[in-house]
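J.: Listed here are the chains, written in short residue letters.
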Amino acid sequence: MSAPVTKQRATHYETPGRILDIRREFPILSRKVQEKPLAYLDNAASTQMPSKVMETITAYHEFHHSNVHRGVHQLSQEASDLYEGAREKVRRFIHARDTRQVIYTSGTTAALNLIAHSWGNSRVGKGDTILVSNMEHHANIVPWYMLAKRTGVQIKVIPILDDGTLDMDAFEAMLDPSVKAVCVNHVSNALGTVNPVRTIAGMCRERGIVSVIDGAQAVGHLKVDVQELDVDFYAFSGHKMHGPTGIGILYGKLPLLNEMEPFLGGGDMILSVSFDNITWNDLPFKFEAGTPPIAQAVGLGAAIDYLNGHDRTFLYDYEQQLLSYANERLAEVPGLTFIGTAPQKAAIVSFVMKDVHPHDIGTILDGEGVAVRTGQHCAEPVMDRYGISSTTRASMAFYNTFEEIDQLRDALLKVTELFDVTD
Amino acid sequence: MSAPVTKQRATHYETPGRILDIRREFPILSRKVQEKPLAYLDNAASTQMPSKVMETITAYHEFHHSNVHRGVHQLSQEASDLYEGAREKVRRFIHARDTRQVIYTSGTTAALNLIAHSWGNSRVGKGDTILVSNMEHHANIVPWYMLAKRTGVQIKVIPILDDGTLDMDAFEAMLDPSVKAVCVNHVSNALGTVNPVRTIAGMCRERGIVSVIDGAQAVGHLKVDVQELDVDFYAFSGHKMHGPTGIGILYGKLPLLNEMEPFLGGGDMILSVSFDNITWNDLPFKFEAGTPPIAQAVGLGAAIDYLNGHDRTFLYDYEQQLLSYANERLAEVPGLTFIGTAPQKAAIVSFVMKDVHPHDIGTILDGEGVAVRTGQHCAEPVMDRYGISSTTRASMAFYNTFEEIDQLRDALLKVTELFDVTD
Amino acid sequence: MLLTNRTKNLYQEVILDHNKNPRNFRVIEHPSHTAKGHNPLCGDKLDVYLVLDENQTVQDVSFVGDGCAISKASASIMTTIVKDKHIDEVRTIFRGFHDMATGKIEADEDPKLRRLRAFSGVRDLPARVKCATLAWHTLDAALKDEEIITTE
Amino acid sequence: MLLTNRTKNLYQEVILDHNKNPRNFRVIEHPSHTAKGHNPLCGDKLDVYLVLDENQTVQDVSFVGDGCAISKASASIMTTIVKDKHIDEVRTIFRGFHDMATGKIEADEDPKLRRLRAFSGVRDLPARVKCATLAWHTLDAALKDEEIITTE
Ligand SMILES: Cc1ncc(COP(=O)(O)O)c(C=O)c1O
Ligand SMILES: Cc1ncc(COP(=O)(O)O)c(C=O)c1O
Numbered sequence: 005m006s007a008p009v010t011k012q013r014a015t016h017y018e019t020p021g022r023i024l025d026i027r028r029e030f031p032i033l034s035r036k037v038q039e040k041p042l043a044y045l046d047n048a049a050s051t052q053m054p055s056k057v058m059e060t061i062t063a064y065h066e067f068h069h070s071n072v073h074r075g076v077h078q079l080s081q082e083a084s085d086l087y088e089g090a091r092e093k094v095r096r097f098i099h100a101r102d103t104r105q106v107i108y109t110s111g112t113t114a115a116l117n118l119i120a121h122s123w124g125n126s127r128v129g130k131g132d133t134i135l136v137s138n139m140e141h142h143a144n145i146v147p148w149y150m151l152a153k154r155t156g157v158q159i160k161v162i163p164i165l166d167d168g169t170l171d172m173d174a175f176e177a178m179l180d181p182s183v184k185a186v187c188v189n190h191v192s193n194a195l196g197t198v199n200p201v202r203t204i205a206g207m208c209r210e211r212g213i214v215s216v217i218d219g220a221q222a223v224g225h226l227k228v229d230v231q232e233l234d235v236d237f238y239a240f241s242g243h244k245m246h247g248p249t250g251i252g253i254l255y256g257k258l259p260l261l262n263e264m265e266p267f268l269g270g271g272d273m274i275l276s277v278s279f280d281n282i283t284w285n286d287l288p289f290k291f292e293a294g295t296p297p298i299a300q301a302v303g304l305g306a307a308i309d310y311l312n313g314h315d316r317t318f319l320y321d322y323e324q325q326l327l328s329y330a331n332e333r334l335a336e337v338p339g340l341t342f343i344g345t346a347p348q349k350a351a352i353v354s355f356v357m358k359d360v361h362p363h364d365i366g367t368i369l370d371g372e373g374v375a376v377r378t379g380q381h382c383a384e385p386v387m388d389r390y391g392i393s394s395t396t397r398a399s400m401a402f403y404n405t406f407e408e409i410d411q412l413r414d415a416l417l418k419v420t421e422l423f424d425v426t427d
Numbered sequence: 005m006s007a008p009v010t011k012q013r014a015t016h017y018e019t020p021g022r023i024l025d026i027r028r029e030f031p032i033l034s035r036k037v038q039e040k041p042l043a044y045l046d047n048a049a050s051t052q053m054p055s056k057v058m059e060t061i062t063a064y065h066e067f068h069h070s071n072v073h074r075g076v077h078q079l080s081q082e083a084s085d086l087y088e089g090a091r092e093k094v095r096r097f098i099h100a101r102d103t104r105q106v107i108y109t110s111g112t113t114a115a116l117n118l119i120a121h122s123w124g125n126s127r128v129g130k131g132d133t134i135l136v137s138n139m140e141h142h143a144n145i146v147p148w149y150m151l152a153k154r155t156g157v158q159i160k161v162i163p164i165l166d167d168g169t170l171d172m173d174a175f176e177a178m179l180d181p182s183v184k185a186v187c188v189n190h191v192s193n194a195l196g197t198v199n200p201v202r203t204i205a206g207m208c209r210e211r212g213i214v215s216v217i218d219g220a221q222a223v224g225h226l227k228v229d230v231q232e233l234d235v236d237f238y239a240f241s242g243h244k245m246h247g248p249t250g251i252g253i254l255y256g257k258l259p260l261l262n263e264m265e266p267f268l269g270g271g272d273m274i275l276s277v278s279f280d281n282i283t284w285n286d287l288p289f290k291f292e293a294g295t296p297p298i299a300q301a302v303g304l305g306a307a308i309d310y311l312n313g314h315d316r317t318f319l320y321d322y323e324q325q326l327l328s329y330a331n332e333r334l335a336e337v338p339g340l341t342f343i344g345t346a347p348q349k350a351a352i353v354s355f356v357m358k359d360v361h362p363h364d365i366g367t368i369l370d371g372e373g374v375a376v377r378t379g380q381h382c383a384e385p386v387m388d389r390y391g392i393s394s395t396t397r398a399s400m401a402f403y404n405t406f407e408e409i410d411q412l413r414d415a416l417l418k419v420t421e422l423f424d425v426t427d
Numbered sequence: 002m003l004l005t006n007r008t009k010n011l012y013q014e015v016i017l018d019h020n021k022n023p024r025n026f027r028v029i030e031h032p033s034h035t036a037k038g039h040n041p042l043c044g045d046k047l048d049v050y051l052v053l054d055e056n057q058t059v060q061d062v063s064f065v066g067d068g069c070a071i072s073k074a075s076a077s078i079m080t081t082i083v084k085d086k087h088i089d090e091v092r093t094i095f096r097g098f099h100d101m102a103t104g105k106i107e108a109d110e111d112p113k114l115r116r117l118r119a120f121s122g123v124r125d126l127p128a129r130v131k132c133a134t135l136a137w138h139t140l141d142a143a144l145k146d147e148e149i150i151t152t153e
Numbered sequence: 002m003l004l005t006n007r008t009k010n011l012y013q014e015v016i017l018d019h020n021k022n023p024r025n026f027r028v029i030e031h032p033s034h035t036a037k038g039h040n041p042l043c044g045d046k047l048d049v050y051l052v053l054d055e056n057q058t059v060q061d062v063s064f065v066g067d068g069c070a071i072s073k074a075s076a077s078i079m080t081t082i083v084k085d086k087h088i089d090e091v092r093t094i095f096r097g098f099h100d101m102a103t104g105k106i107e108a109d110e111d112p113k114l115r116r117l118r119a120f121s122g123v124r125d126l127p128a129r130v131k132c133a134t135l136a137w138h139t140l141d142a143a144l145k146d147e148e149i150i151t152t153e
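Protein chains in written order, with this note's numbering: chain A, 5 to 427; chain B, 5 to 427; chain C, 2 to 153; chain D, 2 to 153.
It should be emphasised that the hints constitute simulated quantities derived from the structure, not laboratory data.
Idealized CB from N, CA, C, for every residue including glycine.
Worth double-checking, as some hints may not be accurate.
[To be verified] Quick partial rundown of chain D residues pointing at chain A, CB under 10 Å, derived from the structure:
{"id": "1", "residue": "Lys21"}
{"id": "2", "residue": "Pro23"}
{"id": "3", "residue": "Phe26"}
{"id": "4", "residue": "His39"}
{"id": "5", "residue": "Pro41"}
{"id": "6", "residue": "Leu42"}
{"id": "7", "residue": "Leu126"}
{"id": "8", "residue": "Pro127"}
[Claimed, not checked] Calculated pairs, PhoX-like style, for lysine-lysine (alpha carbon to alpha carbon, straight line, at most 25 Å):
{"id": "9", "chain 1": "C", "residue 1": "Lys9", "chain 2": "A", "residue 2": "Lys36"}
{"id": "10", "chain 1": "A", "residue 1": "Lys36", "chain 2": "A", "residue 2": "Lys56"}
{"id": "11", "chain 1": "C", "residue 1": "Lys21", "chain 2": "C", "residue 2": "Lys37"}
{"id": "12", "chain 1": "B", "residue 1": "Lys418", "chain 2": "D", "residue 2": "Lys21"}
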């Protein structure tokens, strides 16, 4: 049942020593699950954290923790420096012009909700349209749906082609003067598709339309340059790039951010408060109400340092090799159909198997030590688009190995045997 | 200049061995600042974390991290169990009836904003009133101010008496039928006042008014029983109770929470999504959009375990001793006036000094290793109430010592000498 | 084929068989009771149809829907079990099944659960308990005249 | 009295003196330029008043406000320095002062800053730099005809 393995191929697909070294920096990767070595292929849901990031967070708590911004004492100054230092790291990481454009949020979801409120509430209404792609994560759908309920703006769906690429012709045809915003992810978590964000943002800009890019699946893998992409808003999460949960970033263009009303109210986002009048603080603080995720920002900064400490082109190329290898090996599994076969893809493989429900696949794979996600991946409209209820998804990071892909394939073959699946 | 010290008093005020043991569990407390031992008296801004909590967070990342709720694989199950296990710990900690009433947020500020939107937007309008006390933190003012802008509801201020207690007679007189909500903190961060929350909530309940209690300064010190207090909403933050930043809790009564619309939209808070219709998830998930602060919830659970591992009555009594001692010793400092002298106080001492600006006091104290906060403490209306621009605030936790209070007093005496302050 | 014991316990022959050839997999045109069940975690959806006679005994029962092997087999086996039983007995079996699936009682403690023992493997898999119990929850909801039931 | 060097550097005699007895602490009724400065972090607020003659030279200057010793002394010393100076020179001094306060240049590098050297201690205290420069920022804003200036 297994495909013939030529000598040449075996050599080509040997996991490089650099990757094996990297693996050792991630303690969780040497865990066992059901007495099998863990093959963690659920990176699109959340990535794992290297020891260095954990140590930075612990050191922060052991030596520097305090509330930020308001204190005259040493610890408060140190915490503020670390917190603002991390903001500068994020700025450089995404090539933003100015740290005022880097707003800490609790995650991508919070960032997108911020836009839907602070930009949306006052900018759209009846007669206006917001375009949302058919491959969006719920985080980039539900806030717009709720905005539509508040304001009467209409949501229209940019269709996708069978291979999971955005239908750019349909998109262009939809760009009539009623369109106020276009909401698209950089990389689809359900399909792996890498969208032509620069082109999309350019088409928007020509027409005075705001581009809202969900970069949750992109920042940990691609090199993101928000100035080169020239997008209006860009959102992402720490936990999808080897940093902590509880933190995310909203990047925005200054004129937009300047004109927006704050979203959450509280300490730090105001300059002065009386019961009659409140003056908002300047950027980025206007959008950072209350005690921010300080330790998490420091952790995100450490994750960025970690990524910058490696040759990111090498890591990206290696992930692409994992993707090709997975495509090849999984094609050997009887009854398996890929969902999402765009030419430009991140290392995400979604598939269905004839007569076997993904939930059963997931459980059996787990029994073999293979961690994959099954379900709708918070992207129900994608499932509806393909007329399926759910998929099984293996999503890779640079610390995965060719051997783990083999482990996945072997486990899938067991599923086919148990359920008697044939092509 | 120093007060006479009787033998008996010196004995009485010796820091107990149990406290010295506890101190060793907090690495940051043995730090030096300006070559002086650190006296961390800024606990109302943020508390420090014991090693045990740091270790729990690290262990979570080393062995169990994964996204929650959606995964069939082992790690996802473990992460979900830890995340939901922490929710159960919170439930027991505040004596809530049901875990569905325990909603994770990113902090007190986020929790109060959630109420102002999800409850406020549909429940108040022109002609209605919301009462906010004069001693609220900006986190419990600005969201209501913003709600007023959205809906036309009127904000009225419950006055405070000169000693910093709430004016209960005035409060009762304000409770006319237009009042829809009363927003009061359990403990004031600026004054230390402990408010009679149970009485306030009772007066509200009789009249069908919703009580919104900001417990940020209470949970780390008092034993909080939301059923006994019988409040409608109660909000607090992890970082003020020896847990991490980036996490907070909203507790609410079930009927209220059930009827409220969600606040943020995204993954996990919905049951099904199409572009035409969305069905919200059940409690508590309806209010938890996106990947939640998983590691932070686990850390909060560990902080609760830590607190429960000690005799909390002992800790509370000890903090009250620190408070009396601070009151006594600081009364010896020339030109010093206390702001906030309510009979029921948490271990927070706010004061001004004749002819010396708090900012200068803060800097000089920092030079002596004493970390205090100076400024408005995110409570500008309190400052206005007392006709001052800011105060110096020393806020204690159970790990502080009598010697640190002495260190504070000695540093203040240096301020008076430098600035030539006399009574 | 080398499968872990857990997998073998879970996917027993009888479950695989009912998954492949579900019994009473059809719509009843005029049910006395019906409800829709939904497990949003895995997308399982099923409709349960019931016809009770005047003595509150199950005259006919069926289901349709889409789900994993565990939920489909559970629904199929359920229809074969509850047929001709009084609803009080149906509820008793459901309670017992629920306790077994959540590990509160052993599979062999209750003779009534004999034909349901195949599902005892889910106790090691909290995420799958809901798959095994969805059909029963839906049946229970139908009996209570609730129209939509969600487990997760 | 034992004070740390940092404290002694910061609170030099001249600063304590100007804090206690601020010079030109008064409102000018008909200023040619005025601005309000606000440091929300510590609540410092001050108004700066200026009268320029036709040659753009400072004929009169004053301030009122409430603030910490550093900001008050800085405002007071500023008024005594800029009097009778051309605004170009005022701006040059401000730039030099700013560079000294933020540690970009040494206090003794620029002879123009002689009387401002007392403030060089703030460079070790990032939180206090804004106190030392608030008056100057406000003056600068007044010259630019901005009405409210905020530093933080
Ligand atoms: C009384 C009070 N309420 C609310 C808050 C806001 O809490 P957080 O900043 O953690 O959201 C604080 C702390 O700053 C506080 O002391
Ligand atoms: C494409 C995409 N967008 C948005 C999100 C939401 O991110 P978070 O859950 O961190 O807010 C995710 C991750 O779940 C995602 O994959």
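J.: Decide, hint by hint, whether the structure agrees.
T.: Going down the list of hints, with the structure as the test:
no.	hint	verdict
1	Lys21	21 Å, violated
2	Pro23	22 Å, violated
3	Phe26	23 Å, violated
4	His39	7 Å, holds
5	Pro41	5 Å, holds
6	Leu42	7 Å, holds
7	Leu126	8 Å, holds
8	Pro127	6 Å, holds
9	Lys9/C <-> Lys36/A	20 Å, holds
10	Lys36/A <-> Lys56/A	22 Å, holds
11	Lys21/C <-> Lys37/C	22 Å, holds
12	Lys418/B <-> Lys21/D	17 Å, holds
When held up to the earlier numbered hints, the structure conflicts with 1, 2 and 3 and fits the remainder.
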